[in-house]
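Enquirer: So you can see what is in the structure, the chains are spelled out below.
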Amino acid sequence: MHVKVTAEPFDPWFEARSYQDAAGQMAGKLGALSLFVGTMRDFNEGDRVTGMVLEHYPGMTERALEKIVQEAAERWPVLDALVVHRVGEIKPADPIVLVAVWTSHRGDAFDASRHIMEALKSKAPFWKKERLQAEGERWVAENTDGYLRRE
Amino acid sequence: MSIKVRYFASLKERVGRSEEEATIAESLTADALWRQCVPELPPPEQILVAINLDYADWDSLVKDGDEVAFFPPVTGG
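Each protein sequence line maps, in turn, to chains E and H.
Okay, so the first sequence: first residue is 1 according to my numbering, each after it adds one.
Okay, so the second sequence: first residue is 152 according to my numbering, each after it adds one.
Just so you know, these hints were derived from the structure itself, not from any lab.
No residue lacks a Cβ here, since even glycine has one placed at the ideal position from N, Cα and C.
Treat the hints loosely; a few may be bogus.
Going by beta-carbon spacing under 7 Å, a handful of chain H positions derived as facing chain E [what the hints assert, rightly or not]: (1) 159; (2) 160; (3) 161; (4) 204; (5) 207; (6) 224; (7) 225; (8) 226; (9) 227; (10) 228.
Just chain H, same shape as in the assembly (with noise of 0.2 Å):
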């Protein structure tokens, strides 16, 4: 099963890369995810989820084929 996982901003440039491509074996959470993808990091505080363009919670499901994106708080307007 494959998860398309994105980063953004300052998080892109921490963890070095803004994409890639996750092969995972079961559905798991958003937070075994990041521990699989970026295992030399454990879950910054202040990151949020976002499943398929919504937001969504460190312990969501994620299953083949969606997209999940982590990143730091919003600083639009």
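Just chain E, same shape as in the assembly (with noise of 0.2 Å):
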């Protein structure tokens, strides 16, 4: 199981490629992958965002991420997970989180999945300031629960 968190931008297929390439002892156990990437949008709210910056709190960030990968291999029957998470300076179209998890079967994949990623939005510290193409920057108040289906 592993966490980072990088201000450099990342390509997620490459991350999970050469993890599963490393983690030798899943082999032959190994009946799913399940990937979830974040992307950053270029609107939000129903304006056009041209970049934003992501604040982390060093040190209780990757404790919280560790925790909540914790959390998911107690509840489901997890081989091995990685999450990869952006701040600083981000583009629109730049991954901002990946969340990949090895299982044995599909079902636990994908739930485990889920679990971490909405975990993560609404416990891992880390806020998101957008700068308008209109004019100005704010802060984007709350995450929604994931759960909850959009109008």
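The two chains are supplied separately, each in an independent frame; assemble them into the complex guided by the hints.
Expert: Next up, the structure:
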């Protein structure tokens, strides 16, 4: 299990691929890999967004992510998991977050991955400040609950 | 007794600083610590508290050497 917070742009496919290649002990048991990639949009709440800055709390953020992954591994039979999250200056279309979960069966991969992502959205200390095309900057107030359907 | 107090994101801008050292006479709650550090602003309703990198409550006790952080709802992912 591994979590990484990085100020550098990252390629989620490369990250997941290299992590899986290095995790040799999964071979044979591995039946499912769920990959979730969150990407920056160029719109939010009806406004065009040209970029954003993601702030975090070094130390607490990593610790919160580790705890979330650990929780998922206690609840579902997870072979391995990787979470990568960007901070700093981000542009539209940049990957922001990767959640990769390796399991023997697909249901566990989907469920553990969803759990990690929703827990991250509500618990991990990250804050987004958007730069608007119209003018100015604004802090994103609160994440929505991913289990609720958007209107 | 000394406490490291940190503020993040929009709260940091509202309070006007990212961190400070607070001197306290005895253990107190996070709520009392806030009132000592930011007397001009009552503890905002949505603000979250962490003590030594773990989530805590406004009535959790803070003691010498602790790091206490105040921050708005998180918006990562």
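Enquirer: With reference to the structure, classify each hint as holding or not holding.
Expert: Do the hints match the structure? See the list:
{"no.": "1", "hint": "159", "in the structure": "6 Å, holds"}
{"no.": "2", "hint": "160", "in the structure": "4 Å, holds"}
{"no.": "3", "hint": "161", "in the structure": "4 Å, holds"}
{"no.": "4", "hint": "204", "in the structure": "4 Å, holds"}
{"no.": "5", "hint": "207", "in the structure": "11 Å, violated"}
{"no.": "6", "hint": "224", "in the structure": "4 Å, holds"}
{"no.": "7", "hint": "225", "in the structure": "5 Å, holds"}
{"no.": "8", "hint": "226", "in the structure": "4 Å, holds"}
{"no.": "9", "hint": "227", "in the structure": "3 Å, holds"}
{"no.": "10", "hint": "228", "in the structure": "4 Å, holds"}
The structure fails hint 5 only (numbered hints given earlier).
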